[in-house]
Each structure stands twice: as structure tokens, then as C-alpha cells.
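Residue numbers (UniProt numbering), protein chains in the order written: chain A, 1 to 470; chain B, 1 to 470; chain C, 1 to 470.
None of these hints come from the bench; they were simulated from the model.
All figures in this text were calculated on a predicted structure; none of them were measured in a lab.
Zero decoy hints are in this set.
Here are the simulated EDC-like pairs of lysine to aspartate or glutamate, each with C-alpha atoms no more than 20 Å apart in a straight line: (1) B:Lys-172 / C:Glu-188; (2) A:Lys-110 / B:Glu-380; (3) A:Lys-172 / B:Glu-115; (4) C:Lys-291 / A:Glu-380.
Every beta carbon over 10 Å from chain C, so not counted as near; a handful from chain B, in silico: (5) Glu-115; (6) Ile-220; (7) Leu-360; (8) Tyr-417.
Pairwise CB distance ranges (calculated): (9) A:Arg-285 / C:Lys-110: 37 to 45 Å; (10) B:Ala-342 / A:Thr-418: 24 to 32 Å; (11) B:Asp-340 / C:Phe-437: 52 to 60 Å; (12) B:Leu-441 / A:Ile-366: 40 to 48 Å; (13) C:Asp-445 / B:Trp-282: 35 to 43 Å; (14) A:Gln-72 / B:Leu-391: 47 to 55 Å; (15) B:Pro-94 / A:Pro-60: 45 to 53 Å; (16) B:Asp-233 / A:Tyr-414: 49 to 57 Å; (17) B:Glu-199 / A:Glu-188: 30 to 38 Å; (18) A:Leu-204 / B:Thr-412: 43 to 51 Å; (19) B:Val-434 / A:Val-228: 41 to 49 Å; (20) C:Ser-66 / A:Gln-195: 41 to 49 Å.
Cβ coordinates follow ideal geometry from the N, Cα and C atoms, glycine included.
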Amino acid sequence: MESTFVSLCPLNSAAATEPEPLCIFGTGDLGRSLGQRLLQSGYRVVYGSRKPHSCGPLPPGTQAMSHSAAAQSAALVFICIHREHYNFLETLAPQLQGKVLVDVSNNLKKNLYPEANAEYLQRLVPGAHVVKAFNTLSAWTLQNGPSDANRQVYLCGNSAEAKQAVAETATKLGFTVLDRGSLCAARELEDFPLQLFPEWRLPLRIAVGLTAFFYFYLLIRIVIYTYVQKGDDISFRIMVSLANKVFPIVSLIMLSLCYLPGVIAAFLQLYRGTKYRRFPDWLDRWMLCRKQLGLLALAFAFLHVLYTLIIPQRYYVRNRIKHPVVLFIKIKENKTSAFDSALAWRSDSFLSTGILGFGLYVLLGITSLPSVSNALSWREFSFVQSKLGYLTLFFCTLHTYLYGWNKFLKPTSYPWYTLPGYLLCLIVPTVVLVLKFLLLLPCMDRSLTRIRQGWDRTNKVDDGEKSLLA
Amino acid sequence: MESTFVSLCPLNSAAATEPEPLCIFGTGDLGRSLGQRLLQSGYRVVYGSRKPHSCGPLPPGTQAMSHSAAAQSAALVFICIHREHYNFLETLAPQLQGKVLVDVSNNLKKNLYPEANAEYLQRLVPGAHVVKAFNTLSAWTLQNGPSDANRQVYLCGNSAEAKQAVAETATKLGFTVLDRGSLCAARELEDFPLQLFPEWRLPLRIAVGLTAFFYFYLLIRIVIYTYVQKGDDISFRIMVSLANKVFPIVSLIMLSLCYLPGVIAAFLQLYRGTKYRRFPDWLDRWMLCRKQLGLLALAFAFLHVLYTLIIPQRYYVRNRIKHPVVLFIKIKENKTSAFDSALAWRSDSFLSTGILGFGLYVLLGITSLPSVSNALSWREFSFVQSKLGYLTLFFCTLHTYLYGWNKFLKPTSYPWYTLPGYLLCLIVPTVVLVLKFLLLLPCMDRSLTRIRQGWDRTNKVDDGEKSLLA
Amino acid sequence: MESTFVSLCPLNSAAATEPEPLCIFGTGDLGRSLGQRLLQSGYRVVYGSRKPHSCGPLPPGTQAMSHSAAAQSAALVFICIHREHYNFLETLAPQLQGKVLVDVSNNLKKNLYPEANAEYLQRLVPGAHVVKAFNTLSAWTLQNGPSDANRQVYLCGNSAEAKQAVAETATKLGFTVLDRGSLCAARELEDFPLQLFPEWRLPLRIAVGLTAFFYFYLLIRIVIYTYVQKGDDISFRIMVSLANKVFPIVSLIMLSLCYLPGVIAAFLQLYRGTKYRRFPDWLDRWMLCRKQLGLLALAFAFLHVLYTLIIPQRYYVRNRIKHPVVLFIKIKENKTSAFDSALAWRSDSFLSTGILGFGLYVLLGITSLPSVSNALSWREFSFVQSKLGYLTLFFCTLHTYLYGWNKFLKPTSYPWYTLPGYLLCLIVPTVVLVLKFLLLLPCMDRSLTRIRQGWDRTNKVDDGEKSLLA
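Chain A with its partners taken away, still in its complex shape (with noise of 0.2 Å):
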């Protein structure tokens, strides 16, 4: 919804009443689609072509002509070609001069080449205004236009007034704005296209990893060890009672993996007493994928919970209700029908805690939206993701605590001398809570504040200056 350029169409809205002609080089996909869609917008198009007369099929009511001619003819030219096609370029500086240039290209893969293919041609061309833009539309957007996720042309480039021309062009298309300041951003601008999740792949990864490595510690401890001993076949349980294992394991892990790197480096400052000395990388790259750690750990939350949901729905749960011997999945030791009051109360607060983590859960979904976290002060984001996330961590670890209880007491917990999954995955959110309350005793507390407000152990801020952070 946001257009930010400065409008400087002329008063006499000419442009509005008699289409001035825009020029396209380059008759490609590209090319021809863009060319379809401005003239659908109502504009004249005019095609510079390496060989006018065998350019292949243009939108019907435009005309092809050599370069240099379609260049004389528009003020604003799109071009349309090959990166490795620019050089002929050069040639056409003349006609060139004073034009605006748009580069529409991406590359093939990312740093290609030394510089960005905007720098390049406005390096060939120095007389003419280069603009990047267009080049994160999809060609079938610049075809049929505007669509959900297509709604934004980002451009840039040096000249204020090529880029308002551009802009202007392009609202006129339906599109909305978004100036990224001179033709630096270019490189970024071309790389954007070629992205896909590199942030979530980390994370992606840990989490298969995790699941897999589960699930066949828990087949193997639970199929295949009642198999063999008892012999009898209850692989069903794949299906939901293992993934509704996993689930929360893989969930509670990556929750306290996006809490581990920020211990990590209040004790790092602590010892090196100060906070101006960087951070090894492996600390530094774990820190920037906490959010997409968290994000997914929220998904495997939410499936935890809908695994949990259905669990009366299961054949194998319905059947058992209606024979004398009940065993459910989650209290297996309470055979015996005498109401236990103690039992009650665990099992109800087992229950409310797991619930009210994943209420938490959902509110840090729900202020890591974009949206939302831009609406926040950091103070108030901070809040919510390390207060309310400490919080989320505490009530799901405690979650996994009252599932346990006492069962790792009894012998038949450890088939095959292994450990039950649920204590396999309570280690690293302990660890980080114990770490974090350390962190938040008085006397650690007061020498990290200090150290975070600039503090430094071998020689000391004057006062003066100091608390500008409190």
C-alpha cells in the first residue's frame, strides 16, 4: 500500500490526455511482456532491435526499429538485454545522453560478476540517468500486472529526477514504489530475486536433523524393542504416537536453541569484560537465525498439539475405552480405577502448563510478524521475545518435567539400557535456564548492565557519558 516518490509529472497533465512513447531494448520474453503490459497502460511502445525486420513476434501496435533510432525516439528507455549484450552499448552513448536507462536484469546467480549490472551500464553510459527497477517482478506480474506478492517495484539510482520518471511510469502500471536510494543498492536489488529462505536454511536443517535422529531412536526403543521382545506388531503407532513424541522433543530443543547463543554471549562479555570486541561467527550466524529457530519451533508446537487433540479420536484409544484394562498413551503406570488425587493434580497441571507455553508461543508468533514487530518499540520487542520468551521456555520446559515425573525411576523406562526421549530433550533448557539464572543473581546481573552500557575492564568511560544508554 506504500508509494513514496515525489510526483513530478507536469501540471498540464499532457502525459494523461496523448501516451508519450517509451522505448524497449531487447524484443526477449522480457521484453515482449513488459511491452504488452505498457501498452495495455496506455503508453506507445517503441522496440530497439539488434535486427529490426526478424525480431520474432512483438505485441500487436508496436513497431521494431535498430537501437539507435528507438533510443532518439523515447526519453525513457527499458532495457531489456543480457548483461553480456551491454557492451554495444558504448556505441550508443550519444544517442544515449541524457536518457533514462532502466536496468531490468538479474543474474544467473549471485556476485557473477565484479559489480552490479546497473553500475556496469551506468559505467558504459555515463551520460544517461541508469535507474534499476522491475527486476523482483515475476515476468508473468510485468504481463497480467500487480499481484499479491508483486505489488512492489523497488528502484534506484542516482538521478532524482530519472527515478520519479520511472516511478511515475510504473504507479501508472499499477504498482507501488519503494525508492532504495542511488544505485549502490543496485547489488542488492539484483540479488534479491535469486533468494529463497537463505536465512531459514540453518535452521530448516537442524530441524530435519532432529526429527530424523528421534524418530529412530524412539522407533527403535518402542516398535521395534516391544517386537523383539514381546513380539507383538504395533508399528501403527507410527503414525501418531511416535510423531506426537518427536513433536514436542524437536519443538522444545529448537525453543532453547534460540535461547542458548544469547547466554552464550552475556558470559563471553562477562569474561572478556567488555563489549566491544566481536563475536566469533558460529555465535554471531547462530544469533541472526534465532527468530526462524523459534518460528519452527512453534510449528512443531502446533503440531504437538493437534497430535495431542486427536488422540481420543484414535481407533486404538476408542477401543481400548471399551475393555476393563484402560492404558493411555501419556499415564501408562495407572492401571488401578481408585480415583488418586495426586495423580489428578499432576496430570492437570501438566496439562495447564502445556497449554499456557503454547498460548506464549503463539503471542511471540504473532509480534515476529512483520507488521507487528514494526509497530513495536524496541524496548517493547525486546520485552515481549526475551521476557515472554524466558517465560514460554520456563512453562514448556516445566511441561516436559511433569510429563516425566517419576517414570525415570522405573526400570522398564530404559529398554535396551536408552535413555526415554523426553530426557534426551530436557538437557539443553535446563542448561539454559540455570545459565540464565545465574546471569540474573545481583552480582552478575549489575556487571553485565555495566558492561552493556559501555563499561569496560581495563579502563573505565567518564561518567558523564556513560549512562546515555540506561
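Since the structure of chain A is provided, determine the placement of chains B and C on it from the hints.
Below, chains B and C alone, put in the same frame as chain A:
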């Protein structure tokens, strides 16, 4: 949170100390609301009226004078008059020479006039700088200041300076300004307040139609049939059981309707051998409402999930549990109490596919939030919406197949020779998935890719420019 | 993703190759953090300090000199000093003549000083171009670059060129720039980092108050009463059963509190016969926090749903299932095992209304996301928030009535002569719905509409301008 203009308020911020006077033409509701608001923000306000002495109650502290006198007293004039009464402004042209005229008017319905009100105004007073602004706000907002959905003021005009002046005023009133470019955008701004979910109409009609049809269909099949044949009244099923059969059916059909047009389009392109011919209108319209279809499908899926999860809470079900003969909504055939492992497999996979499908469903919904989809490159967006979308469709279809399983074999499934609902709702998704599968076959895929890259069966394009899209 | 300035970086992008020097006044934490970041972005940094030779550790590669010397060396000066120490800048006025001064300071609390720091600075050095910027960022961000909630740099100032220069720097640092207009906006920017959910305070207090009250009320009614009378300990109910009684109660009350002020306002306008008199402050304040009230209500409803859905998982319930006497939380009176169709109807409609109510609830929550509500016209937004809002309230109230049904007839529902919770929570919503119904009566509706369109009982406005709002 965005404000998008370059402020030009003078360096000596006299503006802040001694308010410049603003003029409002028209003492109607809008005029008074606006005036009140301006006063509260510390402006001096002067009204221009046809009959200054009998123009109804004005906000205290303002005075009314003749239009010409008022015009002279201020550099900025808000036109709070109906378009029908604009004509008299022509006579004021000399006094309005060089003034900034803010057109806040809206029309009662779209396309009432050949040109936008603001453009009409500009034509009447060519010497003035017309700016379209504030018309997207409710009068309530104009009177009481920004509220949630009313934070943004869209403006457009041909003079940058004029727009900056208006923008400055708007920010002083606490609004966020979005520049929509030249006056040509006025029509768009004037149509904005009139729209009431235009792009939702068709999908909503489809949803309502499908729901109504299946409701009655199942009502006859289940409730009425039982009543006629066995004579017992199970009308209470309408509330939950029936709803929980209808919602998933509608959801699945609508989800597949999101992906059907894409498949049709692909086959159309293959058949035509080019992508440069426009699709038939019905297909275009269909494609444009895919997002809304999907979101409605998600809503129905959401209800289906809730309806399913509360099944154990139903008196009807709880009552059954206490009786020897346990019959359940989902798996009626299972009356034997011997444990059937195959049945367990089926029931669990049925539930799992449902959960995973719903999880992906929700993911698709989240990525279609404006702020999220804007943060995605079109490559990421299309990956999510198409790849994950088809996966979702696949899971949900599988979920339904597992639900049906071998029901269709039993004659009892065909009361009055009618097909079960789940069979009817499987038709469309199956077709879509099969067609999609065909498109993924190497031969099809290859030629489709070539067409999408601009290849044309009639005549090939030179390679140099072709693969620009890849 | 938005950047909003017009770049003016010179055509020959020398800036990119040979970095211009930037000057930082103040070697405190903020100064050093900022300097470090600027260095990493390829700028040359010069510090101005009172005692250049003993100003603590500076980032390697920077040098410290006297304020005046530093000022001369750069065109852009970051003022990283406390406002208390600004006064000495007055003496530097000649050296700072024409320079761009970036005021990054914040105060420890609001309204500490009569004027904004930036405005004070401008007054001290009238010859310089003061720009307020970067103050909304955390020092962590200034040191380590943009992160999620810290991508945006708000700036304001009276000189467009000065703002462009700062904006250019900010984008080079990887930030997104939002221009907030002239220096008059400085105070707003300075207050921004201090706020911690101001508009959430009141709603949160209400929520906590209501929750606490009903918790204790039901604790006495249910747990303590049972213990005193029958002597058996059902304290475990606190965890789930009680919570699941309190949350829906609070949720319904808070939802109705969203709509009560609107109804009161309407009656007030009807009584006064005009809309041009301001509402009492308490009503204004109330209306301003309706959104927050609604979102909290949604949160409670969400918890209620989860608590309800896990009921079958509770040990307490599972334990009951295995016994002849089945008694459930929701419908206690049903101990007979004969199937009661009326009861089935009631139980199912009770669940259905709850689900549909919750579904609409969620829809309301989604439309109040900033990015969604910004995409809606105010007509659409008010349609959703008022029409659908009342429908939600209606469903939830009906849900509660169906829950209560004829309980209120049985004396056992009044232990110690206390009313059941659901009766208490039905009061407000019922009142709201009744009042709203009255307002929908033709006579009321007509006169209210006329008042809202600017009609005034004292004196009518001429029709020509009245219906401008319609």
C-alpha cells in the same frame, strides 16, 4: 508507521509557534468535522460559505466569510463541497490562483462521472494546485483523529510543493501520509472508500452455494432417510455431525478450485503453443480470486478441525461410551471389540494426513498476510503458494481417501441411490492432482517451460535474449 | 522493506569508492557503538571529545580530536552527548555553521524538558541543520546492525537536504529510513523508545482484575464449599476446571466491554441531539482501548478453547469413564443413561455456537493486524469490526446461555447463596445486546444516522452539504 514526504516547513519553525490560517469551503458535516480537528491541532480555521451568516453551527473559534474573502486569507483551501456544486469555483479562479486546493470529496457510487472530482476541479481552476487527500478517511476519523484503520492519508497531485504542504498538515493532525503520485491517481483514491470487499464477492458466493447444497444433500441422505426408513429422529445431528461433514467437503473443493485455473491455464498455453495470447475473461477473473478462495477454504478447514476436536465432548458420544454397543461417527463399521491393527494404521494415518494438511494450510494462510508476502521475493512466494500449496492439496485429498477407504463398497452407503458426500468432493481435487501430475511429466514440463520463457510455436526467438527469464 | 527518501548521492559515485569522513561528538557507549558500525560500513570516523587524549577506548582506526577540529573535518556530525551537556555546543556555533547535526539522544523519562532535545539543539546552533535520527534504535543495533524490530530509522528535520544526507548514511548502514517530517516531530520520536505498551495498561489491569476476582469467587463456590460441606478435597480442580470456568467468563465480559462504549456514545449523541460535543474523557479513553480489550478477550477465548479440548485427556475424566456413574464437568445433571434427544440438541448447539463464535473471534483478531487493517478501506474495517463484532458477541452470549440453560432453576446451583459465574458474566453482554437492539429500531436508527451526518437538533444544516458523508 510510514510517512513518505520530504518536509519543507521553513527552517525558522514559526509554523509551530504561530499557526497559519487554513480555509475550508463548505460548512457541511465534513467541513465542520475537519475544522474541529484542525482547531484541536492548533491551526486557525476560516470558513468560506455561500451565506456566511446563516451557515449553521461552526466550531467555536472559527469564523465564516464569503468564499472569495476566505480564499484570500489562506494559502491552503479544503474543498468540502459536493462535486455538483463545484461549478461556482470557476468564478473564484482569480482568487484561487496559485492556492493549494485540497479535494476531499467522494462520490456515492463508482463511475458516476467521466473524470475524477479532483481532475474536474483542476480543470475548473487551472491556476490552482489541486491535491486529492483525506477522502479515504471516515468523518469520525476527521473529527476525532487517527485510529487503527484510519492512520493513513493517501494523497495525489501534480505539484510536489502543494503535496508537501498538505502532507505537512496531515502529519500535524497525526496521520501518516502516502503519496500516490500525480492527479491521475485521483479516481483510484475516490473509488477506494466505496469498495466493500469486491474481490471477495465471487468466492463468498461459491462458498455459500456449496455449503447450502451439501447441507441439504446430507440432510436428506442422513437425517430424513433415517427418519423415513427407521422412523427415529436424529435431527440433532444437524448441529455438529452434519456441519462437520459439510465443512471439510466445502474446504477441499474450494482448495482445489484455487489450483484448477492454474492447471487449465497451463494446458491452454500448451495447446496454443504461446503465452502471448490473453486467457478468456472467466479464467482471468478466476485466477484473480484464488487467494480469497484459498483463505475461505482455510476458514472452513479451521471450523472442521474445531468440530472434530469437540466430538468427545458431545453428549451423544459420551452417552454412547457408556453402552455396550459403541458406534462412532467416523468409523461406523467397527463394532467388534477385537483390536484390528490394520484399522489402527488406517485411523492413525487418516488423522495424521489431516493434521499435516491443516498445518500446511495454516502456513499458506500466514504467508498470504500482506506484511509477510511483501517480505518475500516472488520466487519465495511462488514456491510457498504453488509447491506447498499442491502438497497441502495432496495431503487433504489423501485424508479424504483414507476417510472413505472401503465405505464405497458397502450398499448401506447409498441410501436412495445417492453418493456419499466425500465421494462427490473428491472429484475436483483428484482431477486437479492428475492434471498437475501430467504437467510434471518431463515432456510436458519441458515444452511448457519453453513457452513460459517466451518460446513461440510459430517462430523462435534468438537465444541471446530468450533465457533472460530463467 | 520500505525506504522513503529521494537519494541525492552524486552521479559520479565517488562516495562509494572513497568514504567521506563522519564526525561523532561524544566518546560514550553510544558514540563508540555508532562509530564501530560506521567503520564497518566503510566510513572514516573522527571523534570530537572534551579531552581527546583520555577519552577511553575508541574503535581502532578512528582518531579523537577537539570538538572544533573534528567539526571542521566533516559535513555530518553525530551528537552522542547528553542533553545536559549540549550547552557547550553554543560556543561551537561558528564551526557548526551549515553542518548537518544528527541528534541521537533520548531522555530517561517523558516530558523531562519543555522542548525536544533536537529542537533545543537547533536553538543552540541556529546555523546548523539539525536532524533527529537513530534514537529509536537500541545500542545493540547501532553496534551490530539492523535486526528484526530494528530495521527502521525514523528521522525528522527542517532541511530536506540534511535529511537526505542522513538517510543516505542510514541506508548504507543497512537501515530503512522513514521520514517523519519537520523537526516538530522530534518530541514524538524521542518519546517512542520510552513507551512500553502504554495503550495496553488499562485493558491488562481490567483483565487481571476480572481473572483474580472470578478465580477466588469460584474457588470459594466450588472447591472450598465442597470441602466444607462434603469434606472431600477437589483442590486439583484449580488447575483446569476452574481455569476453564474463569477464562470464558473474563473473555465474554471483556468482549462486551469493547462494544459497551460504542453503545453508550450512541445514546449520548441521541440524548444531546448533536455529535459536535466531545464525549466525557473516561468514555474517550475507553473507546481508545477497545482494540486491546478485544485482543485480550481473544487470548482468553483461545485459552478456553484449549482447556476445553484437553478435557478428555485429563486423568480425572478418563478415570470417570471407567465407572458406572459418569459425571462430566459440563452437564452434571445427566446421570441417566437413556438417550435424551433434547439434551443432544442442546449439547450440540452449545458446542456449535461456541465454535462459530470463536471462529469469528479469530477473524476479528486477524483483521486487527496492522498490515491487514491498513489494506482495508474504513468502510470494510468498520463492517468487520462492528457488524461481525456484534455477531461474535451474540454467538458467545448464546453459547453461555446454552451452557446455563436450566441450571439456574436448581437450588444446588446456589451454594452459600452465591450466583453461578456464568450468570454474573451474562449481565454485561446481555445489556450491550439489548441496547444495540434498541439502537437498530427504525426510529432510533433514523435519528442517530441524521445526527451522525451532522444534523443538529438546535438548527438544521442546508441539505446541499449535509449528505456529503453518506
